[in-house]
Every structure is written in C-alpha cells, then in structure tokens.
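Each chain is listed here by its residues.
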Amino acid sequence: MGSFFVITVIKAAIVFAVLMTTLAYLQWVERKVIAHIQVRPGPYRVGPHGLLQPLADVIKLITKEDLVPSYVNKPLYLLAPFLAITMALLSISVIPFGPTIDVAGHRTWMQLTDLNIGVLFVLAVSSMGVYGIALGGWASNNKYALLGGLRSSAQMISYELPLSLAIAAPLLLSNTLSLRHLVGTQAGAIWHWNVFRGPFPQIFSFIIFLIAAFAETNRVPFDLPEAENELVAGFHTEYSSMKFASFFMAEYANMITVSCMATLLFLGGWSAPWPAEYGSNWVPTAIFALAGVLALYHGLHPARRRDRLTLPVFGIVFFGIAAIFQLAILQSWLLPLFWFCAKTGAILFAFMWVRGTLPRFRYDQLMGFTWKFLFPVAVLNLLVTAFLVALVG
Amino acid sequence: MLIDTVLFYIFAALVLGGGILTITRRNAVHSAMWLIVSLLGVAGLYLQQQAEFLFAVQIVLYVGGIMVLFLFVIMLVNLDQAARERQFNRHWFVALVAVAAVGAEIGYFIYRGRTGFHIAELGAPIAAPHALGNTEMLADTLFSEYLLPFEIASLLLLVAVVGAVVMAKKRIQ
Amino acid sequence: MPGNFATASDVIRFLPEIILAVMGTLLMILDPLLHRRSSNAFGHLSILALAGALGGAIYAYLNGGPAFGGMLMVDGFATFFGVLVIVAGILTILPSYRFLARQGAETSEYHALLLFSVAGQCLMVAANDLIMVFIGLEISSISSYILAGYLREDKRANEASLKYFLLGSFATAFFLYGVALIYGSTGTINLAGVNVVLSGPGAPSLVFVGVAAALMFVGLGFKVSAAPFQVWTPDVYQGAPTPISAFLSAGPKAAAFAVFLRIFTTAFAPIGHGWEPLVWASALLSMTIGNFAALQQSNIKRMLAYSSIAHAGYVLVALTARSEVGTAAAMFYLAAYAFMNIGAFAVVSHLSGKGERYQNIEDFSGLAQKQPLAAAMFSIFLLSLIGVPLTGGFFGKFYIFKAALESHLVWLTVLGLLNSAVAAYYYLRILVMMYMREPAEATEAVEPLSPGLRLALIVPAIGTLFLGIFPNWVLDFAGKSSVLLK
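Chains as they are written, first to last, in this note's numbering: chain X, 803 to 1195; chain A, 503 to 675; chain R, 9 to 494.
No lab work stands behind these hints, which were simulated from the structure alone.
In this text, all values refer to a predicted model and were calculated from it rather than measured experimentally.
Treat the hints with care, as some may be off.
What the hints assert, rightly or not - Straight-line distance between alpha carbons at most 25 Å, and here's what the computed SDA-like set of lysine to any residue pairs gives:
#1 X:LYS866 <-> X:VAL841
#2 R:LYS171 <-> A:LEU542
#3 X:LYS813 <-> X:ASP904
#4 X:LYS945 <-> A:SER533
#5 R:LYS171 <-> A:VAL575
#6 X:LYS1174 <-> R:LEU41
#7 R:LYS378 <-> R:THR274
#8 X:LYS876 <-> A:THR524
#9 R:LYS171 <-> A:SER540
#10 R:LYS171 <-> A:MET669
#11 X:LYS945 <-> A:MET669
#12 R:LYS171 <-> A:LEU598
#13 R:LYS378 <-> R:ALA453
#14 X:LYS876 <-> A:VAL601
#15 R:LYS171 <-> A:ALA597
#16 R:LYS171 <-> A:ALA530
#17 R:LYS410 <-> R:THR274
#18 R:LYS171 <-> A:THR526
#19 A:LYS671 <-> X:LEU952
#20 A:LYS671 <-> X:MET1169
#21 R:LYS171 <-> A:PHE611
#22 R:LYS163 <-> A:VAL579
#23 X:LYS1174 <-> A:SER656
#24 A:LYS671 <-> X:PRO845
#25 X:LYS876 <-> A:VAL575
#26 R:LYS171 <-> A:ILE525
#27 X:LYS876 <-> A:ALA530
#28 A:LYS671 <-> R:LYS378
#29 A:LYS671 <-> R:LEU38
#30 A:LYS671 <-> X:ARG1164
#31 X:LYS1174 <-> R:THR33
#32 X:LYS945 <-> A:ALA530
#33 R:LYS163 <-> R:SER213
#34 X:LYS876 <-> A:LEU598
#35 X:LYS945 <-> A:SER540
#36 A:LYS671 <-> R:THR274
#37 A:LYS671 <-> X:PHE1175
Stated by the list, open to error - Some chain R residues flagged as far from chain A (calculated, every beta-carbon gap over 10 Å):
#38 LEU413
#39 LEU425
#40 TYR433
Glycine included, every Cβ here is placed at the ideal spot set by N, Cα and C.
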C-alpha cells in the first residue's frame, strides 16, 4: 500500500513535469514548423535556435499585469480559465503511454491510472472543457468575447457527435472501453491496428476523428471562437497574464490529448509497426543516428555563424540518444515510449501543418460541413462497421 | 466505509444544494451552472454505486451535451430583462402553502410507510463481485430484457425532434 | 451473448406500432416528392397506414399473448382499445383534408405526428409494464402537444399548445414519480408483478403504495381530463385545430383510460378499497363540474370540452365499480363516446370556416335548412351524447350505471343520473338552434360537404346507431376482454 502511494506520486510528478515541458515546447515547435512552411527562421534570438524562447514566454506571461476588468461577472470570469486548464489536464491522467514496466523491483503501468471506462472518461472530461471557453466568453461582458463563446459552444456540440461516432466504430472492433486493453487488441503489427484492421478498416473513422478533433480543440481551420480578424481575440479578449496562459495551455493540452487518443484508438498505441524480429528495434537508433549525421553535416556548412557550434552539439546529443536505444535494460520501456511519442508527434505535426496551410472556414460552412456531411458519414461508417463486426463475429 | 459515507453526503449536498440554487438564482447563466453542479453530484452518486458507465454517460450527455446547449440558448437569448423583473407572481403565498401542505402530507405518508421501502435489501447484488463490468451488464440488460423500451424510446425522441422543428421553422407552407 | 432478442411472435404482436411508425417516418421522407403533386396524398397515405395498422392489430390479436418478455400484452382488451384508437385516427384524418386545405396548412408533419400519436396510444393500451406505459404515454402526449399548436399563426392555438405542454409535462412527472415509488417499494414495474407483490405476504405498507397510486392517479387523471385536473381541457380543445380536438377527446383519452383500467384493476387491484373513494370523488366532481360549466358556454368547442370532462366522469363511475362488468361498461362507453364526439367535432370543423371564425352556438342556427344531412348527423351525435335510447350513448350510460348499482354505488348512480339530466339542456339547445332558427351568417357561408367530410359524418353516425341498436356485439367482446385482464 505504501509503495503504491509513493509510486503514484512519483508517476504523477513525472507526467506533470513532462507534460508542462511539452506544452511549452510544443508551442516552440509549432512556431518553428509554421515559420519553415512560410520560409522564415522562426524564433531564433533566445538561446540557440530559440530553444529558450518558451522559458522567456513563461516569464513574460507570469510577470505581466493580471488585470480583472471592472465590468465582468467576477466568479465566472475567474472560474473559466481554471475550468479550461483543469479539464484539459485531467484527461491525461488516464492515458497510457506504454506497457507494464519493472522499476526497482516494483511492477507498474506507464499510466497514472487505468479506468475500465477510460475512453468514456476522456470523452466526458473533454466535453466539459467547452465550459471554460463558453463561460469565459460570457463572463467577460464583451460582445466579441460573447460571440466567441457562443461560437465555441455551438461548434463543440456539433462536432462532438461525429467525434463520438468515430470513436465508437473502432471500439466495436476492439470490444473494450479500457485504453490499455485497446492497445492490447491492436498489438503485433501494422495490419492489426484499428485503422487498417478487418473486417472494416477504420480509415474513415480516423479521418472523421481527426477533423472533429481539430474542431474540438478550436484549431485552424475551425478556430472561429478566436477568429482574430472578426472577433479581436474571441473568447479570451478580456484575459491577460496567467489567465490568458491557462487558455493557451489548455488548447495545447487538448491537442496532446486528442493526438494520444487517436494513437490509442487507431494507431495501435505503443506497439511497433512490425515485429521486433524483423528489426523494428533498430528504427529509433537509425532515425536518431541519421538526425545526428544531418546535424553534423550542417554544422560543417553552417548557414549562420552560431550554427558552427550548436549543430555539432546537437549531432552528438542525437548520437547519444541513438546509443541509449541500444541499451538492453532500457529497451523494454524506451521502445514503446518511442513509438507512442512518434505516432502522437506525427499527429501533432499534422495539426501544425494544417494550420500553416488551410484558411479558416466561414461559420455557416463550418456548421453545414458537420451536420450535412461529417455526421451522416460517421453514422454510415458506424453502421457498416457494426454490421460487418456482427457478420464476422 | 467511512469514506463512502462522507462521499455520499458530499455528493448528496452537491445534488440538493445545486438544485436549490438552480431555482433561486436570478441570473440564468448562474442557474445553469448550479444545475451542472447538481448533475455532477448525481454522476458522483452513480460512481459510488459502481455504475461507472452511467457516471460517464451522465457527464457526456447532460453536462457535456444538454447543458452546453442550454447555456448556448441562454447566452444567445438576452435574458437580462427577465432577470431584472420580479420572478414570483402574486400567488406565491398560496403556492407556498399548497406546496408545504402537499410536502407535509407526502412526508407523513412516506414516514408511515417507510417499512414498505425494500430498496436497501434489493441493493445487495451490487456489492456482490461480478465477472462482467458495469458497462457489459448494462448492455446485456438493455438489449435483452429492456429491448423494446430502449428501441421505442427512439420513436419518442423522433416525435420530439419533429415537433420542435414544426414549432420552430419559419412558416408552415 | 444472451440470445433472447425479438422473436417472430414478438414482432407479429407489435405489428400495428411498427406499421404506424414506419409509415409516419416514410411520410416525412416522401414530403418533398409528394407535396408538389397533391396535398391529399398525405391523407391518403395516412389512411392507408391506419388501415394497415388495423389489419395488423387484428392479426396480432389472432396470434395474441405476451410480447418482448411481458413488456406488452396483446389480449382482447389491448386489441379493443387498439382498434378504437386506430379508428379514431382514421376518423380524424377524414375531416382534416378539407380543414387543412382551408387553413392552407397541409404538411406531412401533421399526418406523421398523428400516426406517431396513434402508435403511442397502441403501445399504451398494450403495455403491461410501467416503463412501456410511460413511453407510450409520452409519445402520444408530445405528438398531441404539437398537434394542438399546429396552426402556429393562431394565438389561441399557441396558448393551447403551451398550456397543454406545460401542464401535461407536469402531470407526466407526477405519473413518473408514482412509477418510481412503485419500483422502490415493490421492486418491479411489471403490472402482474406489482399485483403479486401487493397481494402476497410481506406486502409493502399500504400508505406508501397509496402515495404512489395517488401520484399515478394525478398523472392519468390529467390525461383523461378528470376533475380536479381538468382545467386545461376547455382552453386546449378550443385552441386546437378542430379535427385535433376531436382526436384528443377520443384517441388519447381512450388510451389513457385503458391504461387507467389496466393499472388500477390489475396492479392495484389488491389495494382497491384504498383507491375507490378517490376515484369516487373524482368521478362525481368531473360529472358535476363538466355539466354545470358546459351550461354556460357559448363557444361550441368549449362546450364540447366541458362535456368531455363530464363524460370522463361517467367512465370513472365505471372504474369505481371495480368489477369486470364495470370494465366492460367503460370499454363500451369509450367506444360509443369516440364515435359520437368525433362526429360532433367533424360538424363543428365543417361549419367553422377559414380561420375557424364560426364557433359559437348561435352560428348553428338554421343549419337544418341549408344542409339537412349535416344537421341530421349532428342531431344523432347530440342525442347520443345526451343518452337517448337507440344510440350508443344510451347503452353506454345504461351499462355504467348498472355496473355501479351492482357494486352498491347507489349514491354515485343517483348523482350521475341527475347530472345526465342537466346535460340534456345544453345539448338540446344546439338542436333548437339548428332546427328552429333562421339561417345566420355562418350557415349562409357554409361550403358544400366534401366527400371526406361526408364520410367523416356518416361513419361515426352509423357507428353510434349500431352501438345503440346492437350493443351486444361490442359488449360481448368487451365482457370477454375484461375477464382476460388479469
């Protein structure tokens, strides 16, 4: 019992620290990705390649004046960002990152807690996230903020339907609501993943899920709640300092959650795309080694003077990571973690890629798209899946 | 056991307190928020009964769906005017007396008939260990014993939806 | 996996509801295709659906028995009321053709909601489980709320719909609360199961079940518009489109009474001595309030609404008798009442004109000169409502008071008969108007009888006379069915 508490506290601390760092750096990554899409260098001043930029941002946000306008509905105004960030962080607690591992003689899951209704729990918590935005918009007593809040509640409700239906379809294949078992049923190889698996590959669900997830997280092209050319800053117009940061972090935390959910539901979680005997263990080493080679090469032909120093250092770090992946003791938990992070990261990259590519929807298009297209397709997909699963099973 | 009892009273307080505040707040948004608190309390009570499926569904449907819609309508329709007006009509005293009388009457009957309430004994199977999870058991019951009510409820919802559209759309022709 | 999903016999016994639900949905899907061609198509299709459901109900009766694990009970009682509500549906659609065309409001939703409502009532009358009763009741009620406010441009219809909706939801909540208490105290919601628990050893305390029964009585009392839960009736009957008023007074009312009879004479039979005084008082109150208020009405729809309250009182007298004879009498009465009341409302619908301008009793003056057929039919219905021999209404009242006397309810019988005498006055007033006055503005403007309306007048008239001349055919069936109840 005692060790249970200790382990839980340690796990919670680790997950929290990693998550917070990821949140901060995800934003750096996003800025870099979009900058490169638009052929500019992105953050470059604070630290090598702007690596310390997130730190600077955090300091800025904390030290800014925390203003509460006099005309707001104070209790709800203060509650809104708190709700947003709490609900966003809460779902992480049931998401498994890897299989069972042994640490110092204790066997534990790479997950804070396993619920037998994990999928529903994530749905429930994320469905409550809308309150942060809707209430923030209403309590601000500002017409732009109110419009943002209204838009977000209508949008979230509308897209939650196809989202839920898209989640239900792979659940029919896996026949469980526990996120851990979900990965178990997809283990082995890429053709066991729900997205490619018989009797009906869930490729349509996957696409519907991603589209709806973009809308649920208020990301481009569905970022109407904060459309800056129409609504100033939308629902968070009246928020400053850490309260603004809370909304900001909530958005990124939600992105991480839905990416994790997509990985777990459709992409086999932490299982490798092909069995270890065919060399999937070497993939991380090869990737990091390649990255190291590239960094060293660019270090020899630097675009900027400073790169002559930084890029070789990066290269050496990459080589080090590549070597770590070959340590037999660590492989049992590093490899699943790598695959999980790789898949989640790929989806996160898609989020940024879309943001750098697509324009925003018009509001009627947004609603028409989900009710007239996405929802019927999701229903059809669910029906076909259910029919085929019943036929085969 | 003590924790269970304490949690029960916390959830019960959420349900009742939320309910009372829902009907006494003048600001419609505040009322909606307290209703959400009340619904969350119910979800907590479900969880205490180890009905985790109902817990999740309660939150997804009521808190995450229906109440968001409520809030949307409240925010869309300007209710400030209504909030400023007197909310109770002139018959509130009569209503109060009537409610108190009926309440006392029913309370008396329930008190007299409390021995007829067998729910505590019926609760026994919940404590028994079961191989199937709550979700599976619920599904089995719903799709075998209660198949007809479950399916026919969809007709009820269809009627309600059609009715709402008939009432709300712009012109009959 | 437990394999007890629906079997073939379940589906057969559920056939009328399936036909109605499918056809209702189909109507709405076909709406864009049919609307251009002919607005009568919806009516034709609905009548087809109801005729199919009628066939389905009879087929289900021939293969009767419990369905869906005892959720439904397809017996003579269910079939009797099922056929009654389906026929009420058909008789509602016949005058609707002309009515809707006149108001310029022909849509598929009107007919679809009507079909759904009938489907809900079919469920109610066959339900053998409180949860099915509740769902059927809600399907029927919600459709009725919408249909009552179907003419949205009309302020009265809006008022009717809103009042009906608010009070109706409230009443349903009462009913549901009663169901919850029953489940809490007996551990079952199956009607037969409740009966077993209540009559067996270790039955829960009467006071507690009494509260539950009283709450359910409130809910059902509202639906049948029994006093003191009748206040909505005049406003709703007046504001609703006239064919719908006719429907409300026949279909939902009969179905609610069917539920009333089934619950109180099966599940609550062991505590009958407990609820008898309650129903006794309500019966007397309904008759008295209905008849005396009807005396003062000048609007014909309001008058018929109050008369419908009074007639609910007569049926409650039959319920108070707590005997199989009483149940059979109630069934007979409801059938007769459905015919005569739908017929009466059809005449009102015919006369009321565009925008339902002509609704006053004076507007009927001289109808006999202008349209002897309509006046003659109306007379038959009114005489039947009074309870004159050779009409269904006479035998309905006769059997009810006979059953009441057999159960030694002498006072209730005497007061009921006195009430009938009072009622004669306001019905006869209309007869006088039609036959002894010169035509007025409304009767001058009345349009010729359309084929649908002609049918809607003649069929109920034949039904009323048939029940008055050969009552035994229906009564025998009702008597047999009332034995099957338990």
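Each hint, compared with the structure:
{"no.": "1", "hint": "X:LYS866 <-> X:VAL841", "in the structure": "violated (31 Å)"}
{"no.": "2", "hint": "R:LYS171 <-> A:LEU542", "in the structure": "violated (32 Å)"}
{"no.": "3", "hint": "X:LYS813 <-> X:ASP904", "in the structure": "holds (13 Å)"}
{"no.": "4", "hint": "X:LYS945 <-> A:SER533", "in the structure": "holds (21 Å)"}
{"no.": "5", "hint": "R:LYS171 <-> A:VAL575", "in the structure": "holds (22 Å)"}
{"no.": "6", "hint": "X:LYS1174 <-> R:LEU41", "in the structure": "holds (20 Å)"}
{"no.": "7", "hint": "R:LYS378 <-> R:THR274", "in the structure": "violated (51 Å)"}
{"no.": "8", "hint": "X:LYS876 <-> A:THR524", "in the structure": "holds (19 Å)"}
{"no.": "9", "hint": "R:LYS171 <-> A:SER540", "in the structure": "violated (28 Å)"}
{"no.": "10", "hint": "R:LYS171 <-> A:MET669", "in the structure": "holds (15 Å)"}
{"no.": "11", "hint": "X:LYS945 <-> A:MET669", "in the structure": "violated (30 Å)"}
{"no.": "12", "hint": "R:LYS171 <-> A:LEU598", "in the structure": "holds (22 Å)"}
{"no.": "13", "hint": "R:LYS378 <-> R:ALA453", "in the structure": "holds (10 Å)"}
{"no.": "14", "hint": "X:LYS876 <-> A:VAL601", "in the structure": "violated (35 Å)"}
{"no.": "15", "hint": "R:LYS171 <-> A:ALA597", "in the structure": "holds (18 Å)"}
{"no.": "16", "hint": "R:LYS171 <-> A:ALA530", "in the structure": "holds (23 Å)"}
{"no.": "17", "hint": "R:LYS410 <-> R:THR274", "in the structure": "holds (22 Å)"}
{"no.": "18", "hint": "R:LYS171 <-> A:THR526", "in the structure": "holds (24 Å)"}
{"no.": "19", "hint": "A:LYS671 <-> X:LEU952", "in the structure": "holds (21 Å)"}
{"no.": "20", "hint": "A:LYS671 <-> X:MET1169", "in the structure": "holds (18 Å)"}
{"no.": "21", "hint": "R:LYS171 <-> A:PHE611", "in the structure": "violated (31 Å)"}
{"no.": "22", "hint": "R:LYS163 <-> A:VAL579", "in the structure": "holds (22 Å)"}
{"no.": "23", "hint": "X:LYS1174 <-> A:SER656", "in the structure": "holds (21 Å)"}
{"no.": "24", "hint": "A:LYS671 <-> X:PRO845", "in the structure": "violated (52 Å)"}
{"no.": "25", "hint": "X:LYS876 <-> A:VAL575", "in the structure": "holds (21 Å)"}
{"no.": "26", "hint": "R:LYS171 <-> A:ILE525", "in the structure": "holds (21 Å)"}
{"no.": "27", "hint": "X:LYS876 <-> A:ALA530", "in the structure": "holds (16 Å)"}
{"no.": "28", "hint": "A:LYS671 <-> R:LYS378", "in the structure": "violated (40 Å)"}
{"no.": "29", "hint": "A:LYS671 <-> R:LEU38", "in the structure": "holds (19 Å)"}
{"no.": "30", "hint": "A:LYS671 <-> X:ARG1164", "in the structure": "holds (23 Å)"}
{"no.": "31", "hint": "X:LYS1174 <-> R:THR33", "in the structure": "holds (19 Å)"}
{"no.": "32", "hint": "X:LYS945 <-> A:ALA530", "in the structure": "holds (18 Å)"}
{"no.": "33", "hint": "R:LYS163 <-> R:SER213", "in the structure": "violated (49 Å)"}
{"no.": "34", "hint": "X:LYS876 <-> A:LEU598", "in the structure": "violated (33 Å)"}
{"no.": "35", "hint": "X:LYS945 <-> A:SER540", "in the structure": "violated (29 Å)"}
{"no.": "36", "hint": "A:LYS671 <-> R:THR274", "in the structure": "violated (44 Å)"}
{"no.": "37", "hint": "A:LYS671 <-> X:PHE1175", "in the structure": "holds (22 Å)"}
{"no.": "38", "hint": "LEU413", "in the structure": "holds (33 Å)"}
{"no.": "39", "hint": "LEU425", "in the structure": "holds (34 Å)"}
{"no.": "40", "hint": "TYR433", "in the structure": "holds (34 Å)"}
Hint compliance for this structure: hints 1, 2, 7, 9, 11, 14, 21, 24, 28, 33, 34, 35, 36 are broken, all remaining hints hold.
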